[in-house]
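Generate the whole structure from the sequences, applying the supplied hints.
2 protein chains.
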Amino acid sequence: MAEAVRHDKTARQLRLLSDALDSGRLGPVRRLVNTLSPAEIGNLLESLPPGKREVVWGLVDAEDDGEVLVHVGDEVRESLLADMDPDEIVAAVEDLDIDDLADLVEDLPDTVIDEVLKSMDRENRERLEQVLSYDEDTAGRLMNPDVVTVRADTTVDVVLRYLRLRGELPEHTDHLYVVSRRHQYIGRIALAALLTHEPGTPINKLIDDEQAAIDVDESANEVARQFSDHDWLSAPVVDDNNILLGRITIDDVVDIIRDQAEHQALSAAGLDEDDDMFSPVPRAVRRRVVWLAVNMVTAFIASSVVGQFEATIEKIVALAVLMPIVAGMGGNAGTQVLALMVRGLALGQVGASNVRTLLWKEIRVALLNGLLLGTVVGSVAWAWFHDPRLGLVIGSALTLNFCVAALTGVLAPLTLKRMNLDPALAGGVILTAMTDTLGFLSFLGLATLILLK
Amino acid sequence: MAEAVRHDKTARQLRLLSDALDSGRLGPVRRLVNTLSPAEIGNLLESLPPGKREVVWGLVDAEDDGEVLVHVGDEVRESLLADMDPDEIVAAVEDLDIDDLADLVEDLPDTVIDEVLKSMDRENRERLEQVLSYDEDTAGRLMNPDVVTVRADTTVDVVLRYLRLRGELPEHTDHLYVVSRRHQYIGRIALAALLTHEPGTPINKLIDDEQAAIDVDESANEVARQFSDHDWLSAPVVDDNNILLGRITIDDVVDIIRDQAEHQALSAAGLDEDDDMFSPVPRAVRRRVVWLAVNMVTAFIASSVVGQFEATIEKIVALAVLMPIVAGMGGNAGTQVLALMVRGLALGQVGASNVRTLLWKEIRVALLNGLLLGTVVGSVAWAWFHDPRLGLVIGSALTLNFCVAALTGVLAPLTLKRMNLDPALAGGVILTAMTDTLGFLSFLGLATLILLK
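Just so you know, the protein sequences line up as chains A and B, in that order. Under my numbering, think of the first position of the first sequence as 4, with each following residue one higher. Under my numbering, think of the first position of the second sequence as 4, with each following residue one higher.
Since the hints were derived computationally from the structure, they do not count as laboratory data. Any given hint could turn out to be false.
Simulated restraints, written as ranges between beta carbons of each label pair [stated by the list, open to error]: (1) 390(B) with 15(A): 26 to 34 Å; (2) 290(A) with 157(B): 58 to 66 Å; (3) 215(B) with 62(A): 17 to 25 Å; (4) 15(A) with 242(B): 18 to 26 Å; (5) 27(A) with 212(B): 46 to 54 Å; (6) 275(A) with 424(B): 24 to 32 Å; (7) 167(B) with 171(A): 17 to 25 Å; (8) 284(B) with 171(A): 31 to 39 Å; (9) 58(B) with 168(A): 51 to 59 Å.
Glycine included, every Cβ here is placed at the ideal spot set by N, Cα and C.
In structure tokens, the structure reads:
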């Protein structure tokens with residue numbers, strides 16, 4: 004129900020917009036679009052087929068262009084940038100925060116990058132170059148160098164006067180950072196603390212030095228984990244010498260968490276979260292065909308196992324009728340184990356110390372499920388083909404295949420992770436290959452041994 | 004690579020802890036555990052098998068107990084609560100924030116709930132009862148009623164004096180809310196604005212009245228969408244009469260986003276995100292067997308189609324060898340379409356206005372992929388069984404099945420959503436049923452028509 008309410012809102016906007024577009028009245032479309040936040044506009048653009056997408060993009064307020072570009076996937080961004088001339092792009096991106104700009108800059112044409120750099124003042128240019136010098140998916144790339152710092156040997160009153168002089172604080176500032184003379188990170192002061200203490204209070208009484216700073220080389224995923232484990236809204240980023248370089252805010256972390264989730268869901272189907280839902284057909288084909296071809300190879304391997312038993316099948320055609328059940332149900336059981344493992348690995352909950360307990364548990368679950376469902380499947384097979392031995396064969400093969408599924412479901416993702424491969428991407432392919440191949444082998448093998456003797 | 008670093012940290016803690024536990028030295032375990040945040044302790048407890056889990060739970064500082072309980076899944080929570088006596092539970096939960104307590108309270112034994120309510124002062128008890136009066140998964144249930152409000156007809160100076168008198172602000176306060184005499188929500192004031200403006204500035208000059216308040220009945224998913232679309236850190240919650248009831252903070256929203264993602268990943272395998280990785284075997288079997296049984300039924304339906312073609316297979320055993328390829332690859336192609344649709348629906352990007360364009364695109368992708376991979380599969384089949392007509396049959400059947408996969412992948416999740424069912428849960432089952440059944444039918448049907456004539 005809740006799910007339903009949720010899409011309904013976005014889907015309603017989409018429908019309204021689509022109707023207005025179809026009617027050709029662009030005035031209402033423009034008004035509708037410009038009541039939305041940049042993220043919402045990005046979402047709408049992603050959901051529009053090319054053609055309509057360009058029309059709506061042309062109606063977005065120029066001042067929102069930059070933020071909208073930040074909020075769409077790489078492929079849609081490319082299509083939007085293709086519609087803009089260099090001047091428009093420069094105007095759109097020059098006012099972005101440094102971290103957002105760093106995120107965009109590599110998708111821009113080289114000539115535009117030069118223009119953007121020229122349009123920035125020296126300080127911002129240096130900051131951008133610094134952020135870009137860190138690897139993608141690290142804290143350095145996520146941070147915003149725009150930070151308000153104070154010194155420890157002062158009072159609330161002095162800080163308040165400084166802040167009033169300074170005017171606006173950077174977006175999402177919840178703490179000021181206290182640094183040493185050499186700009187080393189000492190601790191942080193909550194804005195709330197400044198507001199709730201008397202003007203005469205010395206700053207060093209308000210310092211919270213418990214929050215460890217994030218290392219600039221920390222991975223984005225580890226940053227996300229720390230934020231959600233500690234309920235941080237922002238965190239300081241430092242280099243090896245503890246020099247304060249910038250800060251990361253929760254809004255960027257929310258984006259990482261969403262991206263991770265999308266990546267996990269889509270990579271299991273061999274897809275990329277940055278792809279456009281409306282990619283041109285040849286491009287979509289090119290992307291999908293690789294993963295399908297890998298699955299084709301494993302399908303041929305499984306068939307070649309069936310091929311070894313042609314003589315058996317020729318004698319008992321019922322085997323051909325029943326064999327997909329063993330393979331398919333094994334795959335289903337394995338999918339359950341794999342889903343648990345992929346989550347466990349993503350949360351760091353599975354490792355060398357508990358994998359044996361987990362494997363043993365999964366084997367027992369597989370044996371019990373095999374006993375239960377094997378009995379059902381075996382009885383149906385017996386009744387269908389009037390042969391109790393066939394029931395015995397399929398029941399045993401199913402139980403065996405459940406055990407194969409448990410073993411593969413636990414060990415494949417662990418092994419992939421150890422090889423620095425993505426368990427979500429390759430786990431399913433390996434699992435199906437195993438449960439198909441060994442499912443056919445155990446069923447047809449047992450049948451040959453028991454039924455043909 | 005980044006992924007690897009991430010688990011490594013948590014997995015390392017897990018290994019250290021596990022080694023210390025195995026050696027029986029509880030002192031180091033206690034020290035190690037109590038350097039962690041409650042969320043990290045929760046994560047560790049989730050990753051420990053029962054037995055070890057109870058030992059470590061006994062070593063957690065009593066003052067962290069409540070927060071740890073908030074940070075674990077329902078089933079693990081139940082196992083932890085089972086280890087505590089009522090007094091311990093009351094002591095653990097009585098200091099929690101109202102929204103966290105509301106989250107826990109339904110898992111507590113009735114006698115404990117009474118004790119907890121008795122231990123609270125009247126104001127907090129009323130607040131808890133109010134929060135509990137809203138449906139689960141609504142804004143009302145997520146909100147914390149502890150909010151700092153100010154009036155519009157005053158100055159920065161007066162507010163500062165009030166805040167100094169008041170002392171600490173509730174956690175994650177980034178705005179004060181401005182309310183009318185009747186406690187109606189008017190707007191918000193950033194803490195940053197109070198710090199950067201002169202004491203004499205009238206409050207009504209600083210009010211930001213652009214942020215719409217969240218309706219108390221709004222669904223949790225819609226709340227999460229609004230937070231991430233607008234980069235909010237917190238938002239006010241109001242009732243139908245615009246009376247301010249509380250506020251929701253980003254840390255709760257991050258939890259919702261994580262839960263949604265886990266739910267999507269696990270429900271596709273018929274699992275629940277609140278299950279314990281180390282559930283007792285009988286319980287795990289009970290849970291998994293239902294989903295497997297549903298898949299068993301669809302597998303039997305697919306086999307019954309194969310059963311219709313026993314006579315054909317008896318004459319051409321090669322068909323039994325090749326038929327899993329058509330069914331399996333069709334399933335894979337459909338999985339890709341389904342993954343895109345489930346994401347599109349979750350983001351509200353797919354609706355009546357663009358489903359036709361999408362379907363037409365997917366059909367074209369399916370036809371092209373069918374042409375490409377159908378040619379490969381057909382050629383291999385021809386070479387393997389020395390029959391060009393067999394190649395033609397399997398190539399055509401594969402293309403047909405890709406189209407079935409595209410149709411089902413687009414339409415099944417849409418239809419499920421319209422029926423208020425979860426597309427992530429049931430989509431895969433329906434998809435496999437279709438691609439297996441129609442894959443076998445088209446392959447064996449075409450073979451009967453073409454090869455046996």
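Violated constraints from the hint list, given by number and in increasing order: 1, 5 and 8
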